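Line order of the protein sequences matches chains G and C. Numbers 28 to 110, taken from the working numbering, label the letters of the first sequence in order. Numbers 78 to 468, taken from the working numbering, label the letters of the second sequence in order.
None of the hints are false.
Here are the computed distance ranges between Cβ atoms for each label pair: (1) C:369 to G:88: 17 to 27 Å; (2) G:88 to C:269: 49 to 59 Å; (3) C:91 to G:40: 44 to 54 Å; (4) G:87 to C:403: 33 to 43 Å; (5) G:87 to C:259: 47 to 57 Å; (6) G:96 to C:403: 49 to 59 Å; (7) G:108 to C:114: 25 to 35 Å; (8) G:40 to C:451: 53 to 63 Å; (9) G:86 to C:462: 45 to 55 Å.
FYI, nobody ran anything at the bench for these hints, they're computed from the structure. Note that the structure is a prediction, hence the values are computed from the model and not measured. C-beta atoms are modelled at their ideal positions from N, C-alpha and C, and glycine is treated no differently.
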Amino acid sequence: MTAVDTVRHVIDKHGKLKADVANLAEDADLYAAGMTSNASVNVMLAVEDAFDIEFPDELLSKCTFTSIGSICSAVKGLLEAAA
Amino acid sequence: MRMPTTIVSTPDARPLAERVAYVADIAGRYAGEVDAAARFPAEAVDAMRSTGLLGASLPTSLGGEGLTLSELGSIAAKIGAACSSAGMVFAMHHSQVLSMSRHLGGSASLAVLAGRIATEQLLIASATTELGIGGDVRSSSCFVDIEGDKVRLVKNAPVISYGSEADLVFVTARRNADSAPSDQVVVVCDAANLQLEPTGGWDTLGLRGTASMGYRLNALVAADRVIPEPYESISTESMLPVCHVLWASVWLGMARALVDICRQYVRAAARRSIGSVPPGATKLVDLIAELERFEALVDGLARRTDEIFDDREALGTIGYQVSINNLKVTASELVAQVAIAALAITGISGYRNDGQYSVARIFRDAQGAALMVHNDRIIANTARLILVQKG
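With the hints as constraints, model all of the structure from the sequences given.
Spelled out as structure tokens, the structure:
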């Protein structure tokens with residue numbers, strides 16, 4: 028599974044979207060698609076768990092979790108920093 | 078005893094924040110080992126030396142960096158968060174440095190000595206308690222004995238923190254053989270001119286790296302090593318304000334480290350049960366609120382002291398003395414409470430001596446804060462002060 032697939036899977040499970048995640052564009056706004064801030068906390072925790080990373084405070088903002096693409100680039104940055 | 082210190086030839090040019098981060102990193106790396114072996118945090122203190130931090134509190138006119146107490150407190154907190162003992166050594170050292178550098182009384186030789194703290198990065202210990210006095214640092218039995226152009230001091234000190242690692246020792250004694258117990262002066266002794274015969278070890282519950290052993294001290298030093306000003310004013314205007322602010326800062330750093338561990342622990346628990354708020358999270362809310370109160374207390378007193386630091390009269394007011402005494406008592410209680418709460422949040426993982434969520438070492442260190450200069454003694458002193466306070 029690629030990183031994007033993992034993130035899609037996490038959002039499917041915890042994002043509580045109204046739309047089907049599989050058809051969502053990478054830059055589509057997740058909040059507009061129905062993700063509540065409560066659900067975004069669960070997405071954050073599940074992404075941390077899936078990639079064995081921890082988001083630092085400066086990344087814990089609404090814009091980090093705004094789209095599949097923004098989550099993937101934050102994850103990528105953290106994985107590269109850890110490598 | 079340490080080898081004679083070599084002059085620091087290439088001062089560390091990095092910005093202060095980078096140097097502090099470097100020292101804290103080293104301190105943290107050896108904190109476990111220092112605690113386990115109850116040994117002096119030599120690596121951390123060497124890092125303070127190589128980064129010039131031992132002279133940081135001296136004014137620039139004496140070769141230091143002229144840092145404010147708030148700035149020194151923020152450094153003490155960062156080092157203390159990494160290694161409580163290294164933080165306490167930093168705090169105690171600078172309490173002694175400022176107690177000397179702010180009270181030179183026009184003495185050229187003391188000014189030269191103060192300058193050497195910066196150029197040679199000398200570490201200063203203090204011998205203020207004495208056997209048979211009952212722990213009152215404002216009372217001495219030993220006295221300054223004149224031998225020609227030198228003075229001799231013989232003191233049975235139950236505690237000299239990092240005494241055998243220090244380059245200088247700050248010793249209190251009665252002014253002369255006929256002086257009253259409270260008529261004290263300070264003699265600044267070079268390690269080379271004093272003998273320290275160990276009388277007791279330091280195997281304690283916590284703060285094990287401060288190496289606060291007992292010694293029989295015998296020094297023969299030049300007469301101009303006696304600070305002319307009475308210790309009474311040094312204690313009121315420098316020693317107590319600096320000690321209490323910097324100690325409280327170290328304890329604040331320890332509390333921050335504990336809260337960080339709790340935060341990580343609670344987040345890990347949340348990842349295991351996504352969708353439900355783990356039980357520790359609500360406790361963590363209370364703990365963070367307590368930490369915020371702690372931050373405000375220490376920050377407030379550090380700023381207030383900086384504002385009046387050059388005003389001897391303001392430092393001598395009863396109102397200020399009551400506040401600075403209460404700072405020590407309250408901050409030491411807070412760090413102990415934060416440690417207990419951290420244990421309740423982290424549970425068995427925190428109780429363990431190993432593992433990433435262990436709070437054991439800092440927990441043990443935190444319980445020492447109320448006992449080093451016992452809170453009961455400080456409260457009794459404060460009670461005497463408020464009897465004469467006019468509101």
